[in-house]
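There are 2 protein chains.
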Amino acid sequence: MSETPERGFPEAEFAARTRRAQSLMADRQLSGLLLMTEPEVRYFSGFHTLFWQSPTRPWFLFVPAEGKPVAVIPEIGAALMRRTWIDDIRTWSAPAPADDGLSLLTELLSSLAARGDTIGVMKGHETSLRMPLGDYERLMAGLPGLKVADATGLIRSLRMVKSEAEIEKLAHICAIGSRTFAQVPAMAHEGLPLEELFRAFRREALAQGADDVPYLVGGADQGGYHDVISPPTRRPLQAGDILMLDTGASWDGYFCDFDRNYAIGHADDLSRRAYDVLWRATEAGVAAARPGATCRELFQAMRSVIAEMDDQGGDVGRLGHGLGMQLTEWPSHAAFDETVLEPNMVLTLEPSLGYGDGRIMVHEENIVVTESGARLLSTRAAPELPVI
Amino acid sequence: MSETPERGFPEAEFAARTRRAQSLMADRQLSGLLLMTEPEVRYFSGFHTLFWQSPTRPWFLFVPAEGKPVAVIPEIGAALMRRTWIDDIRTWSAPAPADDGLSLLTELLSSLAARGDTIGVMKGHETSLRMPLGDYERLMAGLPGLKVADATGLIRSLRMVKSEAEIEKLAHICAIGSRTFAQVPAMAHEGLPLEELFRAFRREALAQGADDVPYLVGGADQGGYHDVISPPTRRPLQAGDILMLDTGASWDGYFCDFDRNYAIGHADDLSRRAYDVLWRATEAGVAAARPGATCRELFQAMRSVIAEMDDQGGDVGRLGHGLGMQLTEWPSHAAFDETVLEPNMVLTLEPSLGYGDGRIMVHEENIVVTESGARLLSTRAAPELPVI
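Going down the list, the sequences are from chains B and S.
If you read the first sequence in the working numbering, its first letter stands for residue 1, the second for the next number, and so on.
If you read the second sequence in the working numbering, its first letter stands for residue 389, the second for the next number, and so on.
Among these hints, one or two may not hold up.
From the structure, some residues in chain S lie toward chain B, with a derived Cβ separation under 7 Å [said to hold, decoys possible]:
#1 438
#2 442
#3 444
#4 468
#5 482
#6 516
#7 517
#8 575
#9 579
#10 617
#11 705
None of these hints come from the bench; they were simulated from the model.
Glycine residues also receive a C-beta, built at the ideal position from the N, C-alpha and C atoms.
Here chain B stands alone, though its shape is the one from the complex (with noise of 0.2 Å):
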């Protein structure tokens, strides 16, 4: 068992990270950027809370053109903000529907908005505006002058390619996931409700380290099972299913996401040959992930062997992703995506097919990209579909 990392990262990483940013600012003609966003937040203070559970409250970071970054939250976080590197946080009494934070924010941007700048605001792909609609209209209207860009492509940028240290907490929840599902073959076994298996999974994660099991999904059937994004039912396992399990456990707020799959006392040949090609086309995609691939290079050495079986490639969108604080973050391996790789990106490798009447199976590893290529986080899964 590897050492566990320390929590938390040093001051440094938070100015590193700052001063990466400020520095796109700089070439964007950005005055700062508004961020609302749990990951966003965290990344660039170290603020770090199960609270963003709750939807009531909007907690605000301003990384200015210079100097630390301002947090403009609720008084119910600040002792736990002054405990991270940030030096100005702005509190008032949340939940305050007449007055969540606008005042201050407003206070904060008035004189950018009255110079005519520009700040950043995440509007792209795979964002959301985590503030009421309305209260963002609100502010926007009382601050005239004040011009918004979209922020994506910057915070994009600088997230996909992860820190040592970053890299070191996900290769350790990536290791809890491997010993975890070790384990599955001693506590799946026919007649077992699929959703004890997931309980006594989730039980397995936390005892081999996980801080959560925020992600588990999966499915069961005869022959193959038909949707991998399911809650657990009651239906005990027969022999003859396919099982498959996917998780997003965390460690200090960083996430492994891959998945596994089993047969229950025998494999069916339709599923067998899946599994196969599946497992090669994973091998493809660890080839394939080398710095100045693009993402869409990744996607077609995948796909070219996923072709042998299933010339659609099922559904899912795309073939894996990016992996880091969030359980699927930017790039994604598909078509349209011509990212290039680079060191110290990590990603999920997701081939996945349809076969048989309607049947679903998905692959999952979780990788670093190196200079000289690919390092698997995860534990690579069997060459062949491990009966139970």
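Given the coordinates of chain B, work out where chain S should sit on it, guided by the hints.
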């Protein structure tokens, strides 16, 4: 142990929810509701998956003025959506940054736009826009004539009052939470790192029947903890610590949300007194939570007891809230909230106070409002600070 309720809901429940929404829509002259957040999509469709953890893909449910809702969703969710009562399911192969559902939405809404109709979108307090802001702006620009009204109040009035089946699920998860807390004295001991206690608590909650423990925060420190939203540290529990654990465990998509306080080894007088004040503030809240009372009155009933020790009442902004498909829901027990309590509202009572040198203590119970007053869903905390 109470019997486990059925998972999911009968179709009649979704039909009734939809009819009630449509009746309110008629009052407000809305031709439809465009919903995109997990609880709202689930509330009207029954679509239940952890896949929302992935921020990549937007999901839409449109509630028309008449008839069943229409789903506009990524193809990866089609199989699961087909298992709900929804008939009209329109899908696209997502992610697709160039057109992530916008063409399908435009097609769906263009006849309403041509008539100059108004649709409802959630823009108000405690909401987010769960699609890219840039896509929302593009969608609206492509539908000239379409008016958008804030549907927050409409949805809020429906979701605040729970059905019998919802209350059964909430009672079930509150009972699981209560049984889990009952095991804390057997788990916690001097020398145990708080992080390990959190892990043990999560495992116990799963063993007691929870599907998941999405929320677990707390603190422990000499003579009292200092904030109430932190993740755990590796610091070992010490004699003289006041320990608090606050959990949001879930079953079938419904949450409990309550906490418990303990002293390790021995309790200091000030913490015992704070505990007593909060215990009695909770009693005052239970007594005040009757149909016809307002949240403001409930707040004041608790506040008047808290004032014995702290006339600020902490800085958490409110003394409890609604509970259901989310860890925190409307209403808020706060001076600003004039919501009138009705039977079948499920609420938390969460009095807190500041004491000593920057310490805070918080209590929490879960109740359902009935014709004859509050019924506790959580097993009432001990009247005196328990010593472990």
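Evaluated hints:
no.	hint	verdict
1	438	5 Å, holds
2	442	4 Å, holds
3	444	5 Å, holds
4	468	5 Å, holds
5	482	5 Å, holds
6	516	5 Å, holds
7	517	4 Å, holds
8	575	13 Å, violated
9	579	18 Å, violated
10	617	4 Å, holds
11	705	5 Å, holds
The earlier numbered hints that this structure contradicts are 8, 9.
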